[in-house]
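Protein sequence lines correspond, in order, to chains Z and L.
Reading the first sequence from the start, the letters are residues 1 to 306 in the working numbering.
Reading the second sequence from the start, the letters are residues 1001 to 1542 in the working numbering.
Incorrect hints may have been included.
Taking CB as the label site, the calculated pair distances span [claimed, not checked]:
{"no.": "1", "chain 1": "L", "residue 1": "G1030", "chain 2": "Z", "residue 2": "L173", "range": "27 to 33 Å"}
{"no.": "2", "chain 1": "L", "residue 1": "D1153", "chain 2": "Z", "residue 2": "P11", "range": "42 to 48 Å"}
{"no.": "3", "chain 1": "Z", "residue 1": "L21", "chain 2": "L", "residue 2": "R1055", "range": "52 to 58 Å"}
{"no.": "4", "chain 1": "L", "residue 1": "A1377", "chain 2": "Z", "residue 2": "D261", "range": "32 to 38 Å"}
{"no.": "5", "chain 1": "L", "residue 1": "H1018", "chain 2": "Z", "residue 2": "L268", "range": "46 to 52 Å"}
{"no.": "6", "chain 1": "L", "residue 1": "R1413", "chain 2": "Z", "residue 2": "V253", "range": "45 to 51 Å"}
{"no.": "7", "chain 1": "Z", "residue 1": "V86", "chain 2": "L", "residue 2": "D1213", "range": "51 to 57 Å"}
{"no.": "8", "chain 1": "Z", "residue 1": "V263", "chain 2": "L", "residue 2": "R1398", "range": "37 to 43 Å"}
{"no.": "9", "chain 1": "Z", "residue 1": "L173", "chain 2": "L", "residue 2": "D1153", "range": "48 to 54 Å"}
{"no.": "10", "chain 1": "L", "residue 1": "R1055", "chain 2": "Z", "residue 2": "T214", "range": "45 to 51 Å"}
{"no.": "11", "chain 1": "Z", "residue 1": "V86", "chain 2": "L", "residue 2": "N1115", "range": "56 to 62 Å"}
Here are a few chain L residues that sit away from chain Z, every Cβ distance over 10 Å (derived from the structure) [what the hints assert, rightly or not]:
{"no.": "12", "residue": "H1096"}
{"no.": "13", "residue": "Y1113"}
{"no.": "14", "residue": "N1115"}
{"no.": "15", "residue": "L1116"}
{"no.": "16", "residue": "D1132"}
{"no.": "17", "residue": "D1133"}
{"no.": "18", "residue": "L1138"}
{"no.": "19", "residue": "A1190"}
{"no.": "20", "residue": "A1210"}
{"no.": "21", "residue": "Q1220"}
{"no.": "22", "residue": "G1345"}
{"no.": "23", "residue": "R1402"}
{"no.": "24", "residue": "D1479"}
Since the hints were derived computationally from the structure, they do not count as laboratory data.
Using N, Cα and C, we set each Cβ at its ideal position, and we do this for glycine too.
Single-letter residue listing:
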Amino acid sequence: MDFFVELFTNPVGFYNQHELLIAQIGINAILAIAIFVTFYSGQLTLANAGFMAIGAYTTVIMSLYLPTPLPLNMLVGALLAGLVSVVVGLPVLRLRGVFLAIATIGFVEALRLGVILNVPITGEGQGLKNPSADPLGGIVPILISLPILAYIVWRLTRTRLGQAWSAIREDELAASSNGINVPLYKMIAFIISAVLAGYAGALETHINFFVDPTEYGITRTIQILTFAVVGGTTNVFGPIVGAVFLTALPEIVRQFAAYRDVVNGIILILVIIFRPQGIVGRGGLAIIRPRWWTRWRARERPATAH
Amino acid sequence: MSALLQLTDVRRHFGGVHAVDGVSLEIEEGTIFGLIGPNGAGKTTLVNLVTGYIRSQSGSMLLSSPARGNVPPPLAGEGRGGGVVGAIELARRAPHTIAGLGIGRTFQTLRLYRNLTAIENVLIGMHTRRRDDTLRQLIPLRPFMRLDDRRLDEARALLQTVGLNPDLHGDRRASTLSYGDQRRLEVARALALKPKLLILDEPAAGMNPAEKDRVRELIQQLNADGLTVLLIDHDMRLVMGVCQRIVVLNFGRKIADGPPATVSNDSAVVTAYLGSHAPKGATHVPGSEEMDIAATPKPAASAEPASPLLDVRDLEVAYGAIKAVRGVSFGVGKGEIVALIGANGAGKSTILNTLSGVLRPHAGTARFGDLDLTTAAPDKIVRAGLAQVPEGREILARLTVRENMELGAWARRDRATAHREIDDLMKQFPILGQRHNLPAGQLSGGEQQILAIARGLLARPRLLLLDEPSLGLAPQMVDTVFDVIQRIHNEGVTILLVEQNALRALEIADRAYVVETGRILLSGTGATLRRNPEVQKAYLGG
């Protein structure tokens, strides 16, 4: 409760005290936007943690060995993630549903265990220290990027591209009968998602002092997926709300902080059962009214009433 | 006149089944071309070959010069156009490329974007005509948005063209529209492509004669505006009435090709396809000569059975704000066949789905013996002896025919007897027996319907709800299905039937109810309703 009291009575103090939390919320929200793009085009891809790793490692390695400016390093990190996504996407995007999910998890693990832990320049299992880390300065680009990216992706869903994604999500066969090049548009969604995740990874290295390979495994992937499931994927604000809510939650209920993963799991289950469309459904934030409630009310009403 | 589409010796087989076995045909520009044949003849496969969903194994498919300037480059190792100037080979091209060349299509089993609104469905149909507008959409200022408004107006106009009201239906999600309206919407979406050739795969399936007449008018109007149409349908009155030329397929081969009059008198076509209830000529109303003669005189049933097996009182069902059923009362007595007839969207399927426990009513009662259908769980309803054969069959495509039937016996304890019954049914319906190890999805529409009925029977129902059993079936197959219904009725099963083929339904029904906009308009014995001039006009196509 103190959390909210402080948020409203002393916003400046709140900001100073929770700066790292706010930065993390921002990064998670960008990751949520990344997974939204693939969800919106009907693809269950779980590769985002891998693209994050590419963005993060590229930025840090460039800072270590090259005199290039930091924004350029971050940009290169994001673009490299996009480039890798093309190579990964070509074979993998032929798969659908759960098979696609498995293949993309395979990519994440192959990248982490196969590449990062074995290539000397990544510090192998040790991780890398980031020379240009700046936790306080790092929050500024995050807070600027988030609304811009959210706006762009929100508008994208209105474009020809976005409508093609909707069509593919709803029915691929019908989409191609309308002249939509299904493989191409799926690939575009996958690349945009990868660039966003790579960018989020690059941003994150600057609020931490360290890139740690264990950050970019299945746990992270599942965490990003949870944002989308809890928030809902009918529009871009769903996953963002999910990310903000789930990232802030451990701070709000400090007394349960030790059970953070348990609480997250319970919330996930509750959402799937009672509000499968997520917190932000089709008509915006709706009151949660479980099915058994409607059924119970129907039973309460006398059957002969008219 | 020149050929818009020319197929030469097109072949495709699946395993040992020759789905399309050397078909050649020519569709003249500006004509309405009919493609008919029994269920499983290869009609839909042929359409899927033309539109690129299935790759042909040999033969050529040439489309004369495409609608727009986007001529695709020739494929590797391919001569240009095979002798026909400006023609494009469709074989080996992807579906979206073929759509871009100006071939629009609908699907036999509806494939709408179910969670998008009707307007959104049509807007997506304009994809190939819409230029990329990513940058423009990022700066959503009024002057930049005019194109969007124009597209929206066009989408609304297209809805109107196919007979949907843009104000009423435009913002509704496609899945909430009635079956007939969904079919119309699919036509509108295909038209949004501005095609040169429009392929309609059973556009009138599930519609009553009056609605079919509107489909006919629509096709004729589109054709008058210069569109070439390839029409597949089982309604002979529609096909014979609008098509200038008809090709009949059977077992993947062309068995007849010519104008309607020639084709309908062809003896091979009559035996393979049209069956006993077929019209002899193009203008004939199917079955009208039997209008007043009931095959077996039914005892003059009283309006309501004294102690009904099923008793429905003041039933009201709503989808959100839309009331689909507004106070319906009726009964079904033991041993009866009762039919519900009425236009698409009248609420008939909603009533059946409420009775089987899939939907919950808003108000009213529905009792099946001692069981309260408004609260009982669907599985309990099945166990009590009420089984439903849903509209559109709803078979499980990946399971085999036998597995589908085994599922029908799921609620039963007597597994041994059930298996014997499955074997009996396989013998009764050789269509199923011969294919018992095939995935059910590979069966043709008619075969799937028989499977769905057989599956329903395996629940050993006392009351069987049949929702549009003749949907999408060839005339001869309709005969078979109605024979099956009559036979299971003779074995003591009570039947509640929803059917667009009102004439056939009234022929076998003891009593019938006419449902309009969620209310019961008329009721009476099958014979009385058949003679009722209003019913004849509205539902029998008289």
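Evaluated hints:
Taking 27 to 33 Å as the suggested C-beta distance range, the pair G1030 (chain L) and L173 (chain Z) conforms, at roughly 29 Å. For D1153 (chain L) and P11 (chain Z), the Cβ-Cβ distance of about 47 Å falls inside the hinted range of 42 to 48 Å, so the restraint holds. As the Cβ distance of L21 (chain Z) to R1055 (chain L) is approximately 55 Å, the hint placing it in 52 to 58 Å holds. Between A1377 (chain L) and D261 (chain Z) the Cβ separation comes to about 35 Å, which falls inside the hinted range of 32 to 38 Å.
H1018 (chain L) and L268 (chain Z) have their C-beta atoms about 51 Å apart, which keeps the hinted 46 to 52 Å range intact. As the Cβ distance of R1413 (chain L) to V253 (chain Z) is approximately 50 Å, the hint placing it in 45 to 51 Å holds. Checked against the hint of 51 to 57 Å, the pair V86 (chain Z) and D1213 (chain L) passes, with Cβ atoms roughly 53 Å apart. Checked against the hint of 37 to 43 Å, the pair V263 (chain Z) and R1398 (chain L) passes, with Cβ atoms roughly 39 Å apart.
For L173 (chain Z) and D1153 (chain L), the hinted distance range of 48 to 54 Å is not satisfied, since their beta carbons lie about 28 Å from each other. At roughly 47 Å, the beta carbons of R1055 (chain L) and T214 (chain Z) sit within the given window of 45 to 51 Å. For V86 (chain Z) and N1115 (chain L), the hinted distance range of 56 to 62 Å is not satisfied, since their beta carbons lie about 30 Å from each other. With a closest Cβ-Cβ approach of about 5 Å to chain Z, H1096 (chain L) is found to fall inside the 10 Å limit, against its non-interface label.
A beta-carbon of chain Z comes within 10 Å of the beta-carbon of Y1113 (chain L); the shortest separation is about 4 Å. For N1115 (chain L), the requirement that its beta carbon stay farther than 10 Å from each beta carbon of chain Z is not met, with the minimum near 6 Å. With a least beta-carbon separation of about 6 Å from chain Z, L1116 (chain L) fails to lie farther than 10 Å from that chain, contradicting its non-interface assignment. The Cβ of D1132 (chain L) sits about 6 Å from the closest Cβ of chain Z, inside the 10 Å cut-off, so the non-interface label is violated.
For D1133 (chain L), the requirement that its beta carbon stay farther than 10 Å from each beta carbon of chain Z is not met, with the minimum near 5 Å. Its beta-carbon lying about 5 Å from the closest one in chain Z, L1138 (chain L) breaks the requirement of being farther than 10 Å from that chain. Against chain Z, the non-interface label of A1190 (chain L) is violated: not every CB pair exceeds 10 Å, the least being about 7 Å. Every CB of chain Z lies more than 10 Å from the CB of A1210 (chain L), the least distance being 28 Å, so the non-interface label holds.
At roughly 23 Å, the least C-beta separation between Q1220 (chain L) and chain Z is larger than 10 Å, which holds for a residue marked as non-interface. No beta-carbon of chain Z is positioned within 10 Å of the beta-carbon of G1345 (chain L); the least distance is around 22 Å. For R1402 (chain L), the requirement that its beta carbon stay farther than 10 Å from each beta carbon of chain Z is met, with the minimum near 26 Å. For D1479 (chain L), the condition that its CB be more than 10 Å from all CB atoms of chain Z holds, with the nearest at approximately 32 Å.
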